[in-house]
Amino acid sequence: MAHHDHAHDDHAHDHEHHGPEKGIMRWIKTTNHKDLGTLYLFLAFTMFFIGGLMSLVIRAELFHPGLQFVDPEFFNQMTTMHALVMIFGGVMPAWVGLANWMVPMMIGCSDLALPRVNNWGFWILPFAFSMLIGTLFMEGGAPAGGWTMYPPLVLQTGNAFPFLIFAVHLMGISSITGAINVAVTILNMRAPGMSLLKMPLFVWTWLITAYLLIAVMPVLAGAVTMLLTDKYFLTSFFSGAGGGDPVMFQHIFWFFGHPEVYILILPAFGIVSTIIPTFARKQLFGYDSMVYAVASIAFLSFIVWAHHMFTVGMPLAGELFFMFATMLIAVPTGVKVFNWVATMWKGSMTFETPMLFALAFVFLFTIGGFSGLMLAITPVDFQYHDTYFVVAHFHYVLVPGAVFAILAGVYYWIPKWTGRMYNETWGKIHFWTSAVFINLTFFPQHFAGLAGMQRRVPDYAVQFVDWNVQSTVGAFGFFIVQFIFIINMLACCYGWFGRKQGLPDRVWDGAHGLEWTVPSPAPYHTFEEPPVISDNELTAVHDAVDALDHHKLS
Amino acid sequence: MKMGRLARIAAGTSLALAAFAVQAYTETSGGYNLPTGVTDLSKEVHGLHMLIFWICVAIGAVVFGVMTYSIIHHRRSKGHKPADFHESTTVEILWTSAPFIILIGMAIPAAGTLIKMEDTRNSDMTVKVTGYQWKWEYEYLGEDVKFFSTLSAESNKARQLGSGIDPNTVPNYLVDVDNPLVLPVGKKVRFLVTANDVIHAWWVPEIAVKKDAIPGYINETWAKINTPGTYRGVCAELCGRDHGFMPIVVKALPEAEYKEWLAKQKGGDAAAAPAAAALPATVVAAAPAVTATDAAPAAAPVEVAAAPAAAAPAAPAAAKDLSKDELIKKGESVYTANCSACHQATGKGLPPNFPSLVGSKIVKGAAIEHIKQTLNGKGMMPPFKHLSDLDIAAVLTYQRNSWGNSSGVVQPAAVAAAR
Ligand code: HEM
Ligand SMILES: [Cu+2]
Chain A
5 MAHHDHAHDD
15 HAHDHEHHGP
25 EKGIMRWIKT
35 TNHKDLGTLY
45 LFLAFTMFFI
55 GGLMSLVIRA
65 ELFHPGLQFV
75 DPEFFNQMTT
85 MHALVMIFGG
95 VMPAWVGLAN
105 WMVPMMIGCS
115 DLALPRVNNW
125 GFWILPFAFS
135 MLIGTLFMEG
145 GAPAGGWTMY
155 PPLVLQTGNA
165 FPFLIFAVHL
175 MGISSITGAI
185 NVAVTILNMR
195 APGMSLLKMP
205 LFVWTWLITA
215 YLLIAVMPVL
225 AGAVTMLLTD
235 KYFLTSFFSG
245 AGGGDPVMFQ
255 HIFWFFGHPE
265 VYILILPAFG
275 IVSTIIPTFA
285 RKQLFGYDSM
295 VYAVASIAFL
305 SFIVWAHHMF
315 TVGMPLAGEL
325 FFMFATMLIA
335 VPTGVKVFNW
345 VATMWKGSMT
355 FETPMLFALA
365 FVFLFTIGGF
375 SGLMLAITPV
385 DFQYHDTYFV
395 VAHFHYVLVP
405 GAVFAILAGV
415 YYWIPKWTGR
425 MYNETWGKIH
435 FWTSAVFINL
445 TFFPQHFAGL
455 AGMQRRVPDY
465 AVQFVDWNVQ
475 STVGAFGFFI
485 VQFIFIINML
495 ACCYGWFGRK
505 QGLPDRVWDG
515 AHGLEWTVPS
525 PAPYHTFEEP
535 PVISDNELTA
545 VHDAVDALDH
555 HKLS
Chain B
85 MKMGRLARIA
95 AGTSLALAAF
105 AVQAYTETSG
115 GYNLPTGVTD
125 LSKEVHGLHM
135 LIFWICVAIG
145 AVVFGVMTYS
155 IIHHRRSKGH
165 KPADFHESTT
175 VEILWTSAPF
185 IILIGMAIPA
195 AGTLIKMEDT
205 RNSDMTVKVT
215 GYQWKWEYEY
225 LGEDVKFFST
235 LSAESNKARQ
245 LGSGIDPNTV
255 PNYLVDVDNP
265 LVLPVGKKVR
275 FLVTANDVIH
285 AWWVPEIAVK
295 KDAIPGYINE
305 TWAKINTPGT
315 YRGVCAELCG
325 RDHGFMPIVV
335 KALPEAEYKE
345 WLAKQKGGDA
355 AAAPAAAALP
365 ATVVAAAPAV
375 TATDAAPAAA
385 PVEVAAAPAA
395 AAPAAPAAAK
405 DLSKDELIKK
415 GESVYTANCS
425 ACHQATGKGL
435 PPNFPSLVGS
445 KIVKGAAIEH
455 IKQTLNGKGM
465 MPPFKHLSDL
475 DIAAVLTYQR
485 NSWGNSSGVV
495 QPAAVAAAR
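Order-wise, the sequence lines are chains A and B. Mapping to our numbering: the first sequence position 63 is 67, numbers consecutive. Mapping to our numbering: the second sequence position 416 is 500, numbers consecutive.
Pulled out of the complex, with its shape left as it was, chain A reads as follows:
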């Protein structure tokens, strides 16, 4: 690095490294895990915003029966793009961003194992998403065949088609590099004393997520490449007329797709398992069983894929197998929920914003788990499948599930990242309004679906109007109140409203883990020397906490 010597002078105390470069080049060239974590999180929230706007187009059109605002074709483009942007642009980069920030700090190493790969992995994404979103302006419009991209319908996509495939490839490459990086870091760079079964659960869940990503992103890449050759190179992998099979695509897609939904949720389990013990001031109940539960869920996620396609006409034996395997997932999922509740039980709870989001996660994710269990019952899934009941199910696990966990994580660690405390009152207002609006958005969809409203339609029979009115009001409300969060967080980043730095290392009195042993804000480089780890720091509640308790109680 050409500037090394120069920077060296500015930081005489820093014998090896230097602080961040100034200006835009800092962000373009950075290989620092904290910078990249920040970039990933900014990208994720930008995508949540764009995907959110798309969902508002959808909800506005569905406010009342009849077509008021958009052509059905554009409506389908919105549902397709909304899903792709939210899943690949929102939730997944948010997880990678949190892993970037926290994994090295949690396992006591100085950076990820492959810092330049890390830079590349991030910078691919803005191009991928510009291209994907750019298809909205192409002849024939954006892809409109659903994020599941089933042929033959997806082959009717206009000029956007190759751009869709290319964008998916780029996202896949980014995810795979990120996953390899995290897995290598966790396996090789833990501080001495940090054995596998002492790692914080967020690290565990991310390690397993990384393996899922490495296993299934190439499968998706294969599937979309076959779509590409079917469209342009006269192959017929998925066309019956040429000896291929359109259902094969669905099998391949969901072999990727089901592990993918766990990729979206496992890190959330890790975050919730971190936050609840902190604010209950009590060690996580059943640490080992949590690890085994996550591992079993990951394993099972590879053998349940066809529950997304019970209606394609599988043989009876296949339907029975996938029904039983899917029902099995409820067992380890139940164990996790029971462990969280047992952690709260007889704790000494306080309800700061991260805890509120974590508790809401446990309630609402469980509701999503219940509807998941209902969907697993094949003969009844025939009725639920492709209705708003399914939309309600996966939004319960994705929004008050994954997204609430992301919000909880950001609230929890932002004081560590920026050295400034967020405004607790506005945090609580954000939480309560979000919780009310999200249930108003998605709970009625269960009823609409059961009563017969199919998904992915721009218009509906008049008897569903009440559910849809509620849903639309909820969606607009939820979108608007997220600005409370954005301002609250940016205020921490930039020190708006006179917010001062000067927090203790251990921002939350009940928190444990190595990240709380470094200053707040965390210096640009942490743990250049591996820390000496006491078991007390990793799992037990600090002796200091009791003293603090007394102090606050009296």
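Where hints are given, some of them may not hold.
[What the hints assert, rightly or not] Here's a subset of chain B near chain A, in silico, CB distances under 10 Å, partners left out:
#1 F137
#2 G144
#3 R160
#4 T173
#5 A191
#6 L198
#7 Y257
#8 P299
#9 E304
#10 F329
[Claimed, not checked] To list a few chain B residues with every Cβ distance to chain A over 10 Å, as calculated:
#11 L337
#12 P338
#13 Y342
#14 L459
#15 P466
#16 K469
#17 N485
[Said to hold, decoys possible] One side only, chain A facing chain B, incomplete, derived with CB under 7 Å:
#18 R285
#19 V339
#20 M348
#21 S352
#22 R460
#23 V461
No wet-lab data here; the hints were simulated from the structure. Each residue gets a CB set at the ideal place from its N, CA and C atoms; glycine is no exception.
Starting from the known structure of chain A, arrange chain B with the ligands on it as the hints suggest.
Showing chain B with the ligands alone in chain A's frame:
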């Protein structure tokens, strides 16, 4: 212990409350829950649905009850001190095995129902259902009866963007069709489900049938309807722009009335078509290959006697020439029912998939090419052989003289000659 009893009381109370609330919801209206339906199996499915639902409510009441209790009582502001237990193998084993056993209890009846649903043997009759972008075709195998079923004209008009028509004023908005599928009650009807272009799914909630319609595949399913009535469904798999606009209507009739209806269809009399829309139920003489797979009992092909052998539908009308205005007027309604979904009411289509007809080469060029493409289809455009010569002549004349096009008249005779 006091704490344990309180927890149980809290759990019990929340269970009762939840049960009450949900009971009130599910019993007061058909618009909140799965319909019970009108087949034995749909009732079983509904039973399974309610069973798994109550299991979830019960588990939820316990878990949420304990959690809520803990949130209320085990808080620092009440001076509660944290306990320091953090594992128990006994408890873990207990709450791993208890759900497992509950799930087995659920899996057994579910498997039983599933096995029955997949048993398509010994059917009394077979209907082949074909999905198209965006309509359904029903073919009564062995009966030589086959027709298309599309969104009713009234709904179709009201659902256009900015139509200005209040959907509340349209009866059965979006769930009404021109020609419903007519079935007898008390008979085991086997459905063969397939598609012509992309994947669709044929779903009628009240008979608990949902099956994907996949090009190149023929899926099987069945229903035996107990009660006469009209049952409405929709296409349940995203199939393109008008996925939301290809409903299904099943009209279940007592057997005698069904027989009467069927006989009329075979009469080939367009006037006796089930509904008053533009698309008459047509008699097609050539039996498709698939028929051979099914030994449909009762009606022998001999009964087709009434139909003029191998004659193109509406042949008599084809003989005489019509005026340009007559053709355009008729053509407009044929266009709305058959072409506008893709090529749009404006004729501008949705390029690049659905080309514009304004100034198009084919529309401006020789009539014969225009006729051939309409009869045989091309690429994503389905064939329209099933339309009468008159309908095709009319719609082509309409296309050739609308939106600034002006390329002459096509007469039914020309269409007949091109077949
Ligand atoms: C208890 C755990 C779960 C069970 C038993 C379960 C079960 C199911 C089943 C059976 C379906 C298919 C429904 C249908 O199309 O008929 C489904 C759909 C879906 N699930 Fe889950 N699920 C669980 C958790 C999750 C989680 C954690 C996520 C994501 C974070 C998720 C995301 C989805 C999505 C996105 C779909 C819709 C797929 C589509 O586009 O059709 N699920 N789930
Ligand atoms: Cu369809």
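How the hints compare with the structure:
| no. | hint | verdict |
| --- | --- | --- |
| 1 | F137 | 7 Å, holds |
| 2 | G144 | 6 Å, holds |
| 3 | R160 | 4 Å, holds |
| 4 | T173 | 9 Å, holds |
| 5 | A191 | 6 Å, holds |
| 6 | L198 | 5 Å, holds |
| 7 | Y257 | 5 Å, holds |
| 8 | P299 | 6 Å, holds |
| 9 | E304 | 7 Å, holds |
| 10 | F329 | 8 Å, holds |
| 11 | L337 | 23 Å, holds |
| 12 | P338 | 26 Å, holds |
| 13 | Y342 | 25 Å, holds |
| 14 | L459 | 20 Å, holds |
| 15 | P466 | 13 Å, holds |
| 16 | K469 | 19 Å, holds |
| 17 | N485 | 26 Å, holds |
| 18 | R285 | 4 Å, holds |
| 19 | V339 | 6 Å, holds |
| 20 | M348 | 5 Å, holds |
| 21 | S352 | 4 Å, holds |
| 22 | R460 | 4 Å, holds |
| 23 | V461 | 3 Å, holds |
The structure agrees with every numbered hint stated previously.
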